[in-house]
Amino acid sequence: MSAEVLPYTVKPHPVSGLYSGKMGIWLFLASEVMLFGALFSTYIFLRVGDPAWPSHEETHLSIPIGTINTLILITSSITMVMAWASCKMNNIAKAKMWLTVTAGLALAFLVLKFSLEYYPKIQHGNVPSKSTFYAIYFTMTGLHALHIIGGVAVIAYFIGPGAKLWKTDPEYYTNRIECTGLYWHFVDLVWIFLFPVFYLL
Amino acid sequence: MSLKAFHLFFMTVSLVFSIAFGLWAFRAYRADGQTMNLVLSVASMLFAALLIPYGIWFLKKLRNVSYI
Numbered sequence: 010m011s012a013e014v015l016p017y018t019v020k021p022h023p024v025s026g027l028y029s030g031k032m033g034i035w036l037f038l039a040s041e042v043m044l045f046g047a048l049f050s051t052y053i054f055l056r057v058g059d060p061a062w063p064s065h066e067e068t069h070l071s072i073p074i075g076t077i078n079t080l081i082l083i084t085s086s087i088t089m090v091m092a093w094a095s096c097k098m099n100n101i102a103k104a105k106m107w108l109t110v111t112a113g114l115a116l117a118f119l120v121l122k123f124s125l126e127y128y129p130k131i132q133h134g135n136v137p138s139k140s141t142f143y144a145i146y147f148t149m150t151g152l153h154a155l156h157i158i159g160g161v162a163v164i165a166y167f168i169g170p171g172a173k174l175w176k177t178d179p180e181y182y183t184n185r186i187e188c189t190g191l192y193w194h195f196v197d198l199v200w201i202f203l204f205p206v207f208y209l210l
Numbered sequence: 004m005s006l007k008a009f010h011l012f013f014m015t016v017s018l019v020f021s022i023a024f025g026l027w028a029f030r031a032y033r034a035d036g037q038t039m040n041l042v043l044s045v046a047s048m049l050f051a052a053l054l055i056p057y058g059i060w061f062l063k064k065l066r067n068v069s070y071i
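Line by line, the protein sequences give chains A and B.
Residue 10 is where the first sequence starts when you use our numbering, and the numbers rise one by one after that.
Residue 4 is where the second sequence starts when you use our numbering, and the numbers rise one by one after that.
Extracted from the complex, chain A is given alone in its bound form (with noise of 0.2 Å):
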């Protein structure tokens, strides 16, 4: 019922040679190019634009913070990848286990941005209308931090509910999987170039 509902769900399509979930993600990822290259691009024209544009001593950003931020994410890279892998190899207890390490991981990154990040701030006043600086940082890392908690909700259904479709089509959940690894590279090479434009340039 569902392949003809929707086909191409498993196997590739004979003209773009690739299954129905993966052209979807990538016009998805297509279009959050054009959104956070949207806002690279403001950020740019603000900074040249603004003589007084603040230095690291006046932003506050710790850089190792940051730095442990930006090692927690390119490790779960490699768990998501290794989620995909264990699917592929038909065991999906492993693919779990790597599953809800990603999803650990995206949590840490979250706790520390909010908690030594956010929290600090926001309590020191420095906050998205105080300046132009600000209000390009909490938009930026904030649309960034919205990305990663949808990311955890999308692993946390795959984790539970969603698994169910293991049991009937592995092949399709395995599919599934690899869309779900691709939105999360994607959010995590957001962040390698966020990192060093607010923390480090």
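It is possible that some hints are incorrect.
[Stated by the list, open to error] Here are the simulated SDA-like cross-link-like pairs (lysine to any residue), alpha carbons at most 20 Å apart as the crow flies:
{"hint": "1", "chain 1": "A", "residue 1": "LYS20", "chain 2": "B", "residue 2": "SER5"}
{"hint": "2", "chain 1": "A", "residue 1": "LYS139", "chain 2": "A", "residue 2": "PRO63"}
{"hint": "3", "chain 1": "B", "residue 1": "LYS64", "chain 2": "A", "residue 2": "THR84"}
{"hint": "4", "chain 1": "B", "residue 1": "LYS64", "chain 2": "A", "residue 2": "SER95"}
{"hint": "5", "chain 1": "A", "residue 1": "LYS97", "chain 2": "B", "residue 2": "LEU65"}
{"hint": "6", "chain 1": "B", "residue 1": "LYS64", "chain 2": "A", "residue 2": "ILE87"}
{"hint": "7", "chain 1": "A", "residue 1": "LYS103", "chain 2": "B", "residue 2": "LYS64"}
{"hint": "8", "chain 1": "A", "residue 1": "LYS130", "chain 2": "A", "residue 2": "LYS97"}
{"hint": "9", "chain 1": "B", "residue 1": "LYS63", "chain 2": "A", "residue 2": "ASN100"}
{"hint": "10", "chain 1": "A", "residue 1": "LYS122", "chain 2": "A", "residue 2": "TYR143"}
{"hint": "11", "chain 1": "A", "residue 1": "LYS20", "chain 2": "B", "residue 2": "ILE71"}
{"hint": "12", "chain 1": "B", "residue 1": "LYS63", "chain 2": "A", "residue 2": "ILE87"}
{"hint": "13", "chain 1": "B", "residue 1": "LYS64", "chain 2": "A", "residue 2": "MET98"}
{"hint": "14", "chain 1": "A", "residue 1": "LYS103", "chain 2": "B", "residue 2": "TYR57"}
{"hint": "15", "chain 1": "B", "residue 1": "LYS64", "chain 2": "A", "residue 2": "ASN99"}
{"hint": "16", "chain 1": "A", "residue 1": "LYS97", "chain 2": "B", "residue 2": "LEU62"}
{"hint": "17", "chain 1": "B", "residue 1": "LYS64", "chain 2": "A", "residue 2": "LYS130"}
{"hint": "18", "chain 1": "B", "residue 1": "LYS64", "chain 2": "A", "residue 2": "ILE101"}
{"hint": "19", "chain 1": "A", "residue 1": "LYS176", "chain 2": "A", "residue 2": "VAL163"}
{"hint": "20", "chain 1": "A", "residue 1": "LYS20", "chain 2": "A", "residue 2": "TRP35"}
FYI, nobody ran anything at the bench for these hints, they're computed from the structure.
Fair warning: this is a prediction, and the values are worked out from it, not measured in the lab.
Given chain A, work out where chain B should sit, using these hints.
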């Protein structure tokens, strides 16, 4: 592009970033002498060094999986 291909791209970007950040932190250490910058530089370089064998292992493990 499959997750395998995107992962390899991501790991390459991560490797370049780790080396660049390691050099940046080392330069900062030489400029201000702060131990934290030296720690960050060494940690980043070590992480970059670990990514290379991981990449080779990953390619071997998923050699039968398509790049498309």
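- Query: Honestly, which of those hints from before does the structure not fit?
  - Reply: Hints 8 and 17 are the ones this structure does not satisfy, whereas the remaining hints hold.
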